[in-house]
Every structure is written in structure tokens, then in C-alpha cells.
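Enquirer: In case you want the letters, here they are:
Protein chains: 2
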Amino acid sequence: MSSNQTERKFEGWAAMDENAVKGGMKWTEYEPKEFAEDDVELEIQYCGICGSDLHTMSNGWGTTKGMYPQVVGHEIVGKVVRVGKDVKHLKEGDVAGVGAQCDSCLECVNCKNGEENYCSKGLTGTYGGKFSRTSAGSKSYGGYANYWRGPAHFTVLIPEGVDPAEAAPMMCGGTTVFTPLKQYGAGTTAKDVGIVGIGGLGHFAVLFAAAMGANVTAISHSHKKDEDAKKLGAKQVIVTGDDTKAAFKGHERSLDLIIVSSNAPDMPFDAYLSLLRPHGHLVIVGVAEEGSLPNVHPFNLIMSNVHISGSAIGSVKGMEECLKFAGDNNIKAWVKRYPMKEANEAVKSMNEGEARYRYVLVNEEHGGKLNA
Amino acid sequence: MSSNQTERKFEGWAAMDENAVKGGMKWTEYEPKEFAEDDVELEIQYCGICGSDLHTMSNGWGTTKGMYPQVVGHEIVGKVVRVGKDVKHLKEGDVAGVGAQCDSCLECVNCKNGEENYCSKGLTGTYGGKFSRTSAGSKSYGGYANYWRGPAHFTVLIPEGVDPAEAAPMMCGGTTVFTPLKQYGAGTTAKDVGIVGIGGLGHFAVLFAAAMGANVTAISHSHKKDEDAKKLGAKQVIVTGDDTKAAFKGHERSLDLIIVSSNAPDMPFDAYLSLLRPHGHLVIVGVAEEGSLPNVHPFNLIMSNVHISGSAIGSVKGMEECLKFAGDNNIKAWVKRYPMKEANEAVKSMNEGEARYRYVLVNEEHGGKLNA
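Going down the list, the sequences are from chains C and Y.
According to UniProt numbering, the first sequence is numbered sequentially starting from 1.
According to UniProt numbering, the second sequence is numbered sequentially starting from 1.
Rather than coming from a laboratory, the hints here were simulated on the basis of the structure.
Some clues are possibly wrong.
Once the Cα atoms are required to be at most 25 Å apart in a straight line, the calculated BS3-like pairs of lysine-lysine come out as [what the hints assert, rightly or not]:
id, chain 1, residue 1, chain 2, residue 2
1, C, K191, Y, K112
2, Y, K139, Y, K121
3, Y, K139, C, K121
4, C, K249, Y, K112
5, C, K348, C, K324
6, Y, K121, C, K191
7, Y, K130, C, K249
All figures in this text were calculated on a predicted structure; none of them were measured in a lab.
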């Protein structure tokens, strides 16, 4: 046993190849990073299933090759069971969460400004990454597992008043949409907000934007989710069908902000831009596996002074704010819980688009609860 | 003689077809819009030659078909010689200018907010457009001509302290770059500003951004304009050559704002985005004739929270602010003057890329001066 191992045996659902996404993960032991004095260890109680997990297992973004085996999962909540000497904000017994990022340089201007998610040296993903600050070269492993070990800087306390099972999917999915909604003034400077794609991220975006006081328009490909969108807080739903331009007739220049959470290929961005008022923003948070932005005619940017941008997950502060907002506003995420041992079934169902709208894996032996 | 004609005979250089851009315009009489009580008439003293004039004459943007003959020119300065009853801010004898827009609905929320350039009903271009508010259906004719007639709302007083010959190219080219530099905080929130393309618009962008106190980086395809860029106020020049990515090594995340004034096709937008700090803006003001945005990978937007947008000319207020700024800061546009009768030679030279950096046509018989 090497010096960096405690008595804990780290085990998780490992993707050995691209078939994992179809329900082919294997329960496997793995070696975590060396414990550093600014690290913590969690007994994982909950781990959300995020779209990125699937894209990673399938190598759909082309980023996974040579990085198998992978233990994915970056919406982790658990009990703090080990705390390094340098950790100030957490103690044993706390319930804490980790999102999609587990490390960065902590020294560059962006890290210093509290935007570790835009670290100039790049960020270490909670899975599929390599540590470079401590335990340099070690692979990072995620939360479809029994334990998690990593930098406490990226581990936040789950506030009272938020069900930790619902907090889990907020660590990535929730924060990813909360952050741009806040950045672009949903409910304040951006009164009219469109949410494209009613899936895991989109359902959070509708919930949050409505709670921020925005007039929310859900934009969906089919009528399947009309009722859900309204229950989540959307005031109207635009169904695009196969003729987006026709569907948007009469809605031109009616929105201040659009969050694109869909990752469908061939998104008709020019049509979406037509929905924006001058100075409006279209913010991409979902990435299609095919991956590149369909042509947008510059005249469509120029003639309305509209903006296309993207937003990456959230900072540590962003996660804390998201959780606090959810608690203060009694946000109820639509979560279905699966026992950790049924992770393959859950992944398969998620991959087939059945989630309404987020799945969370539960370790009952660590205190996770299968029922709310 | 119809009731809408005064004794003035309107004549100008007309593009009869796509060959005009090679120096084939014909001096021709034409009928202006019917005079309305909120119109003015100018004796044209100066008219700048704008890149848009060339794109329009050549039908390079595909917008001109069926709209010949065209009298282009939308950087017009002249003496007010007729004033409708409803005009308050101008009187006979004033020296006034018109930019690229000569009409809009004046009623929509954008017009009311002083952003006529984003009018919800569309704008009437100073040439190649059709009036719809007064004299509905009449074609608009520009400033390669002896007179101009149109709505006073879009006609601004040229302030003392700005040479009217230099004011002319500020009516479109200058204002087009001044507006986004101001909108995105050049010299204040955007300390480090990149200007892509050192041409007519780019030369104004460098002049203005430097005067606003920004640290300006000129980005150019070749070394040809290095010295000029520095004389205009750039602190450094990046020459891209044919390997933009290589040229940008070491400059990643060094700029807050990039104005793309170049209209070269196949712009490597992904590479430009790498120059932006998180929250930075890339603003397109030039449009290639080939016309559509090269693919940008969404990850490059997402991972730095950077923005692509466009900006269209300027509002009436924007033109006034631009002229005032130029006067207050003693901005000297680099202008070469041609007699109006040599318009074909000037257009041909401009089309061949010889301008350093703006040409202005001069009507000496109306008081325009061929020498500064």
C-alpha cells in the first residue's frame, strides 16, 4: 500500500470504452490522487448524472480517447470524512458538494478574481482530468463511486434548506445555467428570457429564470414538454418543429436573453438571433457532439447589435450563490433517484432521453436517501 | 416639372451596373424624393468614399440587383440650402452632414430610445433604399452628387473645430467604429483593444481607441501598414501572415475588446477569440462579400465567456458624439481629396486597395476645398 492511500478503498463505476454509455460500466477499484493538506475526502451520498458524463463516456466530444478507464460524475454531494490541515471552511461531518471542476492554478488573475472556471492555465475536470498543482500527473475520478478525494477549494458546503439530493445536480447543471442568467441580468435588465431545450439544464434554467422574476419563454422542438415547461415556470412555449423560422414569426425582437441548453446539431442560430432585441445575448451552454457553430451571417449580428457567447459551468462562488438562491427561493429540482448499484440502468435511460429531468445516484450505505 | 421639384437639378455619378466599381460611373440627372416639411436640402461640399459604396456598386453583397442606377455615397457634408417648416435644429447656411442612414420609422422603441440604426421596421439607407415615411416608394440617392435631399432628423450639424472634409468620412466610417468602442468601454473597462484590419474603418478605430486612452494593438495581415498603425496610435502591431494561430502565440487572453473592421473572407475567428480575456468582446463591423461567419467552435466561446457581436453604423446621437469627440481630441483623419469630377478615378483606386486611408470627393463650386 503506497503512502498516499488511507484504509479507504476507492471504487466506482468505470467506463472502460465507448460502450459504457449504453449501460456497460464496470464496478472497479482505482487509485485516487495523493492526499494533500488542502484536500478533503467525501463519503459520496449522491451523484447527479450530467449530459457531459455521457458525452465523455461515448467520447462524443473526442476528448476521452486514451483516457479510459473513466469514473464519471461531477455533481457530487457527500459527508466530509477527512480534512487536510490547510482546510479552513469544512470539517468532518459537514455535507459538501463538488461540481465539474476540481482544481485550477489558484494563482492567475482569473482564479484570484474568483473565476476559477476561466483559469488561465486551464481547469482540471472532476473526472477525465489530470492534477497538476498537487499529486501532479494523477488522473481525476468522479462521483459514480463510493468516495471522492480532492481540493477543498472546489468543495462547497451544502446549505440547510436544500435537499442534498437536489443540490447534487445543481453542482454542475444548475450552476451552469444560474451563472449566465445572473451575469446577463435575468429578471432585471433582461426581463424577457428564452430557454432553448427543456432537458436537464433547461429545466433548471426555466426554474431559476422564473424565480428571478423574468418572463420566461421555453423554446422546444416538439410539444412533448409543453406542460412541464409551464409547470417549471415558463409563461409561454414556442415549438419550433422542423421550420424554426416559421415558428418564430411574430416573435422577432421579443427577448433580451436566450440560454441555449440544447446540444442538438444544426441549431438554426440565425433564427434564434432574430428573437433578440438590440443589445441582447444568446449564450451557449450545451455543445453538440458534432461541435461547430453553424454559419451565422454577420449581418444578423450587426443589424441588431446582438451577441453570441458561451458560459462554462460556474465558479466556486457561483456554486455557493446558486445553492443559496435555490434555498432562499425554494427551488425544487425535478430529480429521479436511482440506487448507485443501478447506475448502468440510469445511464442507459438518460442516454435514451427519458430523464424528466435529472437523475441522481444514491449511496444508501453513506446516508443517501432514495426517497425525498 | 412635377410639384416636388425645386429649380435645383439633381445630378450625380450613377452606377448603371456592376462595372461602376471599376471606374464606370456615369454623370446623370435623377429625381430625388418629394420634399417634405421635415426635410432639408444640402449643397454637397464633400462626400467620403466608403467600402459599402464599392460593395453596393459591385453588387458584392447581393443587395443591389434591380436597384440600378445607384448614386452611392453616404458620408455627406454640405451647406444647408433649404429647410422644411418642421425642422428645428438646422437653418439655411449651416454646414451639416448625413451618414449611412437617412430615414426610419421614428416611432418604434428603438427609434424612441435614440437608436434609429436598430429601428424595428428597418432603416432606409442613404442610397439604394426606398423611403416609406414620406415620399413613400421613392428611391434614396447618395452623395456622389451636387445636392442631397432628405429627412433633417438624420442630418447633423458639423461642429466648429472639425474640418468638414474630415467630418465627411466620420459620418459613416468614423461613427461605425466609434460607437462600439464607446459601447464596450475602450479606455475604461476595456483597457486593451485590438483593431483587426488597418483600412478606412480600422484607421479611425486606432485613432479613436488611442484617444480614448486604450492600449491599442493593431492586427494586420502584412507588415505594409506597421508604421502607419503606430503613427495612428497603436502601441503594438501583430502581423498574422498566413498562420494566424502561430502569430498569436504568447498573446492569448491579452485583449478586452477586438473590433474587426476587415472584410476579408475566411477570417480565423477562433484564433481571434483566443486573444480575448474572459468576458471580452469581438465586434464585427466589416462584412465580407462571401458573407458568412466561418465556423467557430462553441467550446471557444464557452471556455472563456467571450462574445461575438456586430455593430451597425451609429445613431444620430452617435454621429454627434463622434464628431464632438473628434473635435475635442483633435483627431486628424487621414484623408485624400479628389475633385468630384474625378470620382471614377478615386473609386478605381479605392477598389484597388490604394487608399491610405480614406478618400473624399470635393465639390469646389459649392465651397468644398481641395486642400486642407
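Enquirer: With reference to the structure, classify each hint as holding or not holding.
Expert: Each hint, compared with the structure:
In summary, the hint linking K191 of chain C to K112 of chain Y is supported, as the alpha carbons are separated by about 19 Å, within the 25 Å threshold. For a cut-off of 25 Å, the pair hint linking K139 of chain Y to K121 of chain Y stands: about 17 Å separates their Cα positions. Of the supplied pair hints, the one linking K139 of chain Y and K121 of chain C is violated, its CA atoms being roughly 56 Å apart against a limit of 25 Å. Pair hint K249 of chain C plus K112 of chain Y holds up; C-alpha atoms about 24 Å apart against a cutoff of 25 Å.
Distance restraint check for K348 of chain C and K324 of chain C: the Cα-Cα separation of roughly 32 Å exceeds the 25 Å cut-off, and the hinted pair is therefore not satisfied. In summary, the hint linking K121 of chain Y to K191 of chain C is supported, as the alpha carbons are separated by about 22 Å, within the 25 Å threshold. Using a Cα cut-off of 25 Å, the hinted pair K130 of chain Y and K249 of chain C holds, with the two alpha carbons roughly 24 Å apart.
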